[in-house]
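Participant: Here are the chains, one letter per residue:
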Amino acid sequence: MRQLAFGLVLLTANAVCAQTLRDAEARWKARDYQGANEIFRQLVAADPNNPDLKVRWGRLYLDHAQPNDAQDLFAEALEIKKDHPGALLGLALIASEGFEGRAADLARKALEGDPKLVEAQELLAYLALEDNDNAKAAEEAHKALALDANSVTGKAVLATIDWLADKKETKWDPHAAKGYEVAGHFFVINRRYEEGIEYYRKALELDPQLYSARSQLGVNLMRLGQNEEAYKQLETCFNNGFQDAATRNSLKLMDSYKNFVTFTTPRTILKLHKKEAALLRPYIESEMEKAIATYEDKYRMKLTRPVQVEVYPDHEDFAVRTMGLPGLGALGVTFGYSIAMDSPSGRPPGQFHWASTLWHEMSHVFTLTATNHHVPRWFTEGMAVHEETAVSPEWGDRLTPDVIAAIKNKKLLPVTELDRGFVHPVSPGQVVVSYFQAGKICDYINNKWGWNTLLAMLHDFAGAMETADVVRKELKIEPAEFDKQFIASVEAETKTVVSSYDDWKKGMRSLVDKVAEKQWDAVIAEAPKLRDDYPDYVEDHNAYEALAQAYLAKGNKQAALAELERYEKVGGRNPETLKNLAKQLEDAGRPKDAAAALDRINYIYPMDAAAHRSLGALWLVQDNPKGAIREFQAVLARNPLDQAQAHYDLARAYQANRQLSQANDECLAALEAAPGFRPAQKLLLELSNSPEPAAPSPVKK
Amino acid sequence: MKLAALLLASALSTPASTYYLTITGLGGEPDYTQRFKMWAEDIDTSLKRAGGDANVITMQVPTREQVRSRFADLARQVKATDTFVLMLIGHGTYDGVDYKFNLQGPDITAAELAGLMDHVPAQRQLVVNMTECSGGSIEQLRRPTRIVVSATRSGTERNSTVFARYWAEALREPSADTDKNEAISALEAFRYAQQKTTDFFETQKRLATEHSVIEDTGKGTGERTPNLENGEGKLAASFAVVRLGANAAAARDPVKRPLLDRKEQLEQAIDKLKFEKAAMPENEYKRQLTQLLLELAKVQEAIDK
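Chains as they are written, first to last, in the numbering used here: chain P, 5 to 705; chain F, 147 to 451.
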């Protein structure tokens with residue numbers, strides 16, 4: 005697409021230094037990037053105030069996957085000539101690569117400056133199709149074709165509209181490598197990876213040196229777990245000088261796969277980093293099994309192969325898996341039957357509910373499979389968000405300030421345009437708002453029309469129906485009317501929070517100061533209203549924790565406990581606070597509830613050995629030796645300094661579960677670390693006098 | 147187990163005392179002042195709770211003169227058979243040559259601190275310097291019979307540290323006693339505090355700005371992981387900072403002497419067996435270990451009666 009304007013800008017620049025610029029362009033076209041770059045350098049040095057040269061040079065950098073350098077040159081061109089169409093177009097292309105909402109504005113501005121700038125017109129068509137706005141995309145593509153009847157991107161956009169709708173034959177087939185690359189991109193961002201791969205292959209058949217397409221082929225093969233070929237394709241790009249961030253980082257990531265171990269069951273494939281595999285496997289594997297069983301029942305379908313989950317302790321590694329994709333993708337991403345997600349160890353404690361993310365992503369596996377990847381983004385995300393709280397009400401994300409602002413400022417999008425909020429957000433917060441809105445829409449439909457209606461909508465999407473038609477068919481209502489009713493419902497539900505939000509912010513600032521100054525009476529007086537005005541606020545410096553702290557300082561343990569229980573129930577995730585809740589519950593003689601509080605931490609931050617040990621001890625006395633074994637095994641998996649205690653605890657749990665041989669082994673391990681450890685010595689004597697091991701007790705949890 | 151043997155030997159000879167001196171430096175800001183005070187009080191409480199022969203002194207933000215005066219007292223009180231522990235909590239600086247511990251008024255250099263410690267007759271000494279830049283004090287403080295722990299590996303780690311928080315925790319935390327001999331050695335406390343400090347930075351997803359080290363040979367620059375290869379940690383393993391139980395008292399009972407002798411033999415046999423583990427068939431190792439551990443457990447049971 006970038007090379008389509010080649011001739012147009014070339015004509016302008018030719019006037020300046022025809023012979024040499026032509027040479028630079030020729031080298032560029034021959035993919036001699038270094039040679040072309042050198043000539044551009046000399047040209048710009050000789051004529052530093054020529055914006056056209058800077059724009060062409062920027063485009064060279066952009067073509068060579070160096071957007072930062074390109075951006076600098078476009079900015080310099082704009083300084084020389086305000087509203088330079090080529091420079092604006094360059095910036096629009098960079099914004100488009102990052103799915104930035106301003107890309108369309110920049111392209112329009114470029115067109116205002118040069119109404120014949122076909123590449124800007126093509127970009128508008130491209131961006132509209134990214135929003136799944138087919139009508140607008142077709143309109144813009146036709147405009148591009150009117151400017152240039154051979155516009156490859158114009159044809160590719162029109163052809164892709166047909167191909168995405170499963171029409172195999174189209175009169176717009178561009179029969180060009182770049183055109184098939186465009187189609188590949190659209191299939192990928194619509195989560196139809198296998199078809200996307202086929203279009204990239206088609207592009208490479210026509211032009212084996214189109215390394216941008218080859219790189220995307222490699223990246224998407226990697227997404228589907230076809231690592232061997234993925235690596236070869238990416239390596240070919242790298243060795244031929246195409247070393248954009250996606251190529252470079254994907255290769256680096258694949259090199260690191262040697263540090264991962266794979267665990268399989270008939271239904272699951274779990275890839276974990278060696279350093280945390282022993283700890284995380286029991287927790288993640290069991291949630292995967294549970295999610296599959298639950299969703300197969302809910303979605304009334306059977307998966308045909310195991311689901312793969314890759315868990316990355318280094319967020320940068322995970323980020324490689326989401327490069328070039330729209331949406332937040334901050335915690336997890338699903339590629340068909342394959343999920344990649346952050347490890348709970350990859351985030352500060354309390355900032356990430358890994359189990360909620362896992363269930364969210366697993367839901368995508370079902371909605372994508374059920375619709376053969378034809379589900380629109382808003383619906384699959386909405387269902388996934390809906391499923392988070394369906395597992396447990398305190399899971400899922402809370403109402404955030406971004407969402408409150410969007411409701412207050414009437415920024416929620418019409419349901420037929422909601423995909424735009426994910427793909428081309430106009431602000432960073434809009435993606436979060438779109439997740440919220442999509443989830444709420446699914447909740448709303450579920451409550452008003454029922455689960456079967458959501459399933460019927462899913463089946464309609466499988467038939468490639470568009471959102472507006474699905475709404476009309478299943479909800480028997482016009483989309484605009486649906487928006488009206490839905491927004492009224494959200495506004496009613498959030499009325500208190502939205503109307504009191506500004507006062508709440510002021511009140512919280514004052515409360516934080518009072519906590520710092522230990523004015524506990526004032527905290528106790530003011531915090532309840534702040535808590536009730538915005539009950540979903542459980543992040544740093546929330547009213548629940550402030551109140552609990554104040555009550556504890558005043559010696560009112562009962563009130564503190566009640567506050568901490570409220571915090572837990574509403575979705576508070578700070579592991580330290582949940583540990584404090586467990587302690588208060590234990591002190592209050594409620595060991596079962598204390599264990600439940602600690603067990604919640606397992607779904608948030610299972611890296612805390614002390615929490616595992618406390619939970620193991622609680623379960624041991626509550627006659628849940630299986631649970632205790634899991635927890636004490638988790639302690640050992642953290643490789644604690646106190647090996648003797650950890651092995652001894654596990655030995656006791658095995659003994660309680662009548663696994664005497666394992667108990668003996670663990671006891672020996674404890675004493676091997678600390679031969680003088682008296683409790684372990686006593687247990688060893690006890691075990692040596694035990695009768696033959698009995699059968700293990702049945703699973704209790 | 148070698149530690150247990152050394153403790154027993156020491157307990158059977160002349161009763162020796164451990165002298166503890168904890169000094170907090172200037173905080174500079176209320177937050178640091180409060181933090182340093184809290185950590186020092188935590189240490190003070192743990193040491194006093196451990197009781198027995200502890201002589202515990204804590205100086206909150208003293209002047210250099212007050213420090214000198216306190217060391218003069220110690221030089222008179224302490225015997226060669228005693229042990230001496232100095233713990234420094236606060237801020238430190240390092241200019242590439244001199245390390246200074248920030249006090250009220252003029253600061254005190256590492257060289258002067260070393261000189262003051264040299265005048266304390268205790269042959270076995272431990273100094274735990276928990277300030278930023280504390281790695282810059284190792285060269286001055288190290289001696290062949292002195293263990294030096296520093297919160298940072300060099301004088302150039304200049305961010306304020308959290309090591310002291312976890313060192314204080316180690317002195318009251320039974321899980322720091324990894325060999326379960328009811329005493330927390332300098333090496334155990336170091337490893338505990340080091341691990342907790344590492345966990346702190348990892349959990350917070352922050353770049354670690356401090357890397358604690360230990361030096362107990364009198365000639366090293368400090369090691370992150372003391373072991374047989376680098377020769378560090380041997381003295382620290384046998385230096386009990388806090389005793390948590392009553393093992394020393396039991397050791398003084400002459401009636402139990404034969405049992406204690408047998409216990410020591412068994413512990414040595416277990417140590418030897420563990421050393422040979424790699425060269426033995428697994429089952430044979432397990433059989434012999436079980437046998438020794440069972441006998442040890444029975445002997446301990448008899449001692450405890």
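Think of the hints as simulated: they come from the structure by calculation, not from any bench.
Just so you know, these numbers come straight off a predicted model, no measurement behind them.
Glycine is no exception: its CB is placed at the ideal position from the N, C-alpha and C atoms.
Incorrect hints may appear among the rest.
Stated by the list, open to error - If we take Cβ atoms under 7 Å as the criterion, some of the chain F residues that face chain P in the derived model are:
1. Tyr178
2. Leu405
3. Leu406
4. Glu410
5. Gln411
6. Leu439
7. Ala443
Participant: May I ask which of the numbered hints given earlier this structure violates, with the numbers listed in increasing order?
Facilitator: Result: hints 1, 2, 3, 4 and 5 break, sorted rising.
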